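Note that the protein sequences, when read in sequence, are chains Z and E.
Residues are numbered in our numbering as their position in the first sequence, beginning at 1, plus a constant of 17.
Residues are numbered in our numbering as their position in the second sequence, beginning at 1, plus a constant of 150.
Derived from the structure by calculation, the hints contain no laboratory data.
All values reported here derive from a predicted model rather than from experimental measurement.
Each residue gets a CB set at the ideal place from its N, CA and C atoms; glycine is no exception.
Any given hint might turn out to be false.
Stated by the list, open to error - Pulled a few chain E residues facing chain Z out of the computed Cβ check, cut under 8 Å:
| hint | residue |
| --- | --- |
| 1 | N264 |
| 2 | C265 |
| 3 | E270 |
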Amino acid sequence: MKGKNLVSITDFSKDEYLRILNIAADFEKNPNQKLLNDHVVASLFFEPSTRTRLSFETAANRLGARVVGFSDSGSTSVKKGESLKDTIIMVSGYADIIVMRHPREGAARWASEVSSVPVINAGDGANQHPSQCLLDMYSILQTQGTLDNLNIAFIGDLKYGRTVHSLVQAMCNFNATFHLVSPEQLKLPSSSKMHIKNNKLEYHQYTELADIMPIADIVYMTRIQQERFSDPLEYEKVKNSYVLTKSMLEGCKPNMKILHPLPRINEISEDVDETPQAFYFKQAENGVYVRQALLAAIAGVK
Amino acid sequence: MNKDQRHLNVTAIENGTVIDHIPANNVFKVLHILNLENNKNQVLFGDNLDSRKYGKKGIIKVSNTYFDANEINKIALVAPTATFIGIKNFEVVSKKQVEVPDQIKSIVKCFNPNCITNVENVPSLFTVVDKEQMKLLCHYCEKITVKNNIIFV
Ligand SMILES: [Zn+2]
Chain Z
18 MKGKNLVSIT DFSKDEYLRI LNIAADFEKN PNQKLLNDHV VASLFFEPST RTRLSFETAA
78 NRLGARVVGF SDSGSTSVKK GESLKDTIIM VSGYADIIVM RHPREGAARW ASEVSSVPVI
138 NAGDGANQHP SQCLLDMYSI LQTQGTLDNL NIAFIGDLKY GRTVHSLVQA MCNFNATFHL
198 VSPEQLKLPS SSKMHIKNNK LEYHQYTELA DIMPIADIVY MTRIQQERFS DPLEYEKVKN
258 SYVLTKSMLE GCKPNMKILH PLPRINEISE DVDETPQAFY FKQAENGVYV RQALLAAIAG
318 VK
Chain E
151 MNKDQRHLNV TAIENGTVID HIPANNVFKV LHILNLENNK NQVLFGDNLD SRKYGKKGII
211 KVSNTYFDAN EINKIALVAP TATFIGIKNF EVVSKKQVEV PDQIKSIVKC FNPNCITNVE
271 NVPSLFTVVD KEQMKLLCHY CEKITVKNNI IFV
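Sequences are here, hints too, so could you generate the full structure?
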């Protein structure tokens with residue numbers, strides 16, 4: 018994987034996913050490995066995303082790498098009208114790896130084509146966020162002991178939630194059965210459903226959250242955002258219909274775990290946090306190990 | 151078909167290419183995509199000519215210029231029915247049909263306003279994922295531009 022870009026989850030093969038997850042498990046056991054002492058990681062956040070940035074920068078620091086970059090393009094030459102191409106060419110002359118977040122879809126792919134060093138996409142608009150997908154897979158593997166033959170339920174905004182689209186794509190490699198719970202307006206797009214069908218796998222659609230409780234191995238919650246609704250009344254109607262509470266967990270499978278890309282608003286009530294099913298905070302922590310694995314593999318030291 | 155049009159269709163080109171059976175009113179798009187606006191040779195064209203096969207059609211004749219398959223297939227989006235007739239010494243030496251290519255570069259705009267190709271100076275690039283219905287997958291934003299949304303750069 019040395020020198021490879023990670024722009025879209027489809028840039029990696031099934032074997033490569035498994036290799037990253039394997040390396041991540043090693044970093045979880047032993048997080049401080051100064052393998053990138055002589056490396057500079059550029060962390061370019063053309064739009065703010067504190068959570069993702071901290072996770073990547075923590076990963077780089079635990080590997081001993083130096084981090085340069087910016088957390089918001091407002092104070093940079095980008096604001097003065099510099100093209101993305103020029104910024105990337107310049108930075109690739111300084112750093113060994115570029116991690117970037119950008120508000121435009123396709124920005125990371127373009128950057129990877131003009132950069133002389135590998136580019137890791139930390140989110141390009143509504144398009145891709147592959148490290149999130151890998152940490153979701155890592156959390157699934159960790160809680161279930163396998164990635165194969167699982168019943169995975171996705172709840173909430175399945176239309177705009179890019180983490181959902183990527184994870185559906187990735188889990189199609191592992192014979193998953195998909196259970197999709199969403200309001201009518203926020204159903205999974207046909208392109209994702211097509212992907213499931215092309216892999217000869219099954220999906221089932223529901224409007225009630227309770228329906229999937231007895232069958233799901235993984236319950237993947239997402240946030241329903243108000244700006245997705247043109248009619249505020251419609252939002253009010255659905256926003257409380259996909260809230261997971263502690264009492265709803267009765268009768269779930271013993272191995273069931275709840276994941277959420279965070280931040281949550283109200284879709285998981287706080288009384289769920291202390292249940293054995295809650296896994297979302299551990300999932301966020303896992304992000305650091307997975308990002309360490311990505312940086313190390315792409316730098317060619319693992 | 152009157153005499154003048156027949157004249158335009160087949161004669162008066164010693165060496166070069168006749169592009170026949172262009173759908174009516176797409177002649178200007180073809181001229182643009184093949185960059186014939188900047189060709190230094192003689193370029194003749196006609197639009198809304200009578201055609202037995204298509205009712206109305208357009209035709210272009212370019213002297214001393216020949217097109218390879220790559221260039222021919224560029225016009226698949228606007229003139230899938232076109233034929234490229236190569237002429238040498240007033241004789242037809244080749245006939246090539248347009249085929250829909252696997253990739254389309256630089257000539258179509260991505261329909262997604264938030265795509266990097268619409269914001270920065272990035273040449274567009276699409277994979278044709280459905281050749282019959284003309285569905286174009288953007289190499290950058292990974293969204294699909296469908297036939298009705300196709301706009302030429
Ligand atoms: Zn695009």
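Structure versus earlier hints, numbers of those that do not hold, lowest first: Hints that this structure does not satisfy do not exist here, as all of them hold.
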